[in-house]
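Participant: Sequence:
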Amino acid sequence: MLTPPRTVVRREGGLYALERALQRRGFRNVAGADEAGRGACAGPLVAAAAVLPEGRRGEIEGLADSKLLTPASRERVYDEVVARALAYAVVVIPAEEVDARGLHVCNLAAMRRALASLATRPDYVLTDGFGVDGLDVPGLAVWKGDRVAACVAAASVLAKVTRDRIMVELDGAFPAYGFAEHKGYITPEHTAALREHGPCREHRFSYVNVASVSGRDGRPPRSRRPALAAVTGRDDPATLFDDEPMERSCAPGSTVGVALGERARPSSPVGEDVGMEGGER
Numbered sequence: 001m002l003t004p005p006r007t008v009v010r011r012e013g014g015l016y017a018l019e020r021a022l023q024r025r026g027f028r029n030v031a032g033a034d035e036a037g038r039g040a041c042a043g044p045l046v047a048a049a050a051v052l053p054e055g056r057r058g059e060i061e062g063l064a065d066s067k068l069l070t071p072a073s074r075e076r077v078y079d080e081v082v083a084r085a086l087a088y089a090v091v092v093i094p095a096e097e098v099d100a101r102g103l104h105v106c107n108l109a110a111m112r113r114a115l116a117s118l119a120t121r122p123d124y125v126l127t128d129g130f131g132v133d134g135l136d137v138p139g140l141a142v143w144k145g146d147r148v149a150a151c152v153a154a155a156s157v158l159a160k161v162t163r164d165r166i167m168v169e170l171d172g173a174f175p176a177y178g179f180a181e182h183k184g185y186i187t188p189e190h191t192a193a194l195r196e197h198g199p200c201r202e203h204r205f206s207y208v209n210v211a212s213v214s215g216r217d218g219r220p221p222r223s224r225r226p227a228l229a230a231v232t233g234r235d236d237p238a239t240l241f242d243d244e245p246m247e248r249s250c251a252p253g254s255t256v257g258v259a260l261g262e263r264a265r266p267s268s269p270v271g272e273d274v275g276m277e278g279g280e281r
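Each residue of the sequence shown is one higher than the one before, counting from 1 in the UniProt record's numbering.
Just so you know, these hints were derived from the structure itself, not from any lab.
None of these values were measured; they are calculated from a predicted model.
Careful: at least some of the hints might be erroneous.
Ranges of calculated distance between the beta carbons of each label pair, as one might list FRET restraints [to be verified]:
id : residue 1 : residue 2 : range
1  : LEU68     : GLY131    : 22 to 28 Å
2  : ARG56     : GLY215    : 54 to 60 Å
3  : GLY131    : ARG24     : 21 to 27 Å
We put the CB at the ideal spot given by N, CA and C, even for glycine.
Produce the complete structure using the sequences and hints provided.
Facilitator: Set out below in structure tokens:
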């Protein structure tokens, strides 16, 4: 029995080497998927998927792992990805969904939905760090994929810029926490604000540091809404939220939504995943 020829990934291909190797084997449309906000204790989890065109059109100047780019560079690369991608999709998972279903479950569900929402059906899928099941195309989980595969780096930029914009908007609604600066991650300033003001509705109550200041005596709750009176001083759950939609809008050509139908799992403490975007998994 003849074995298929080996796929050679040429080092000089840099960030595009893996995709080019797959395209030489007949996988023309290679999709990448990544997320932003795993390590944050406030704000949504955002996942994105992107398919870049073959050849020079798919080569975007300055494209890299979003965590290695300055905010201004990310915005420029974001615009280039949106303009050049054959297809892209962004999915936003609100904090309450993360609390209800668990971070890892929501992470996989968000990437799965982003990939399924692509207008161009991928022939192959590359994901950053975690394999995503339930896809009807072959795929590969790549360690630090946002640093070795262009399509994953593009998805990383889409997710990061989308989430950062959301956190800047939330800073206007909740100015006491400094969301525009730290984007919901754990910093000394954020910790001090949590201790002084308690958590707001955009915090993830299943995280230990948030639960510890939410009137639960340091015990992480199983659901997002622990001890309403302790958190808000009000007993009526209906007064905790304003009437605004859970879904958030993204740029034209993308899709956005909330992952549903996923099985819940026990809550996890801060530190199970990255403490800050860019930390070690």
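Participant: In this structure, is the beta-carbon distance linking GLY131 and ARG24 contained in 21 to 27 Å?
Facilitator: Taking Cβ atoms as reference, GLY131 and ARG24 lie about 23 Å apart, which means the hint holds.
Participant: When you take the CB atoms of ARG56 and GLY215, is the distance between them in 54 to 60 Å?
Facilitator: Holds, at about 57 Å.
Participant: Assuming the hint says 22 to 28 Å, is it satisfied by the Cβ distance from LEU68 to GLY131 or not?
Facilitator: Taking Cβ atoms as reference, LEU68 and GLY131 lie about 24 Å apart, which means the hint holds.
Hint compliance for this structure: no hint is broken.
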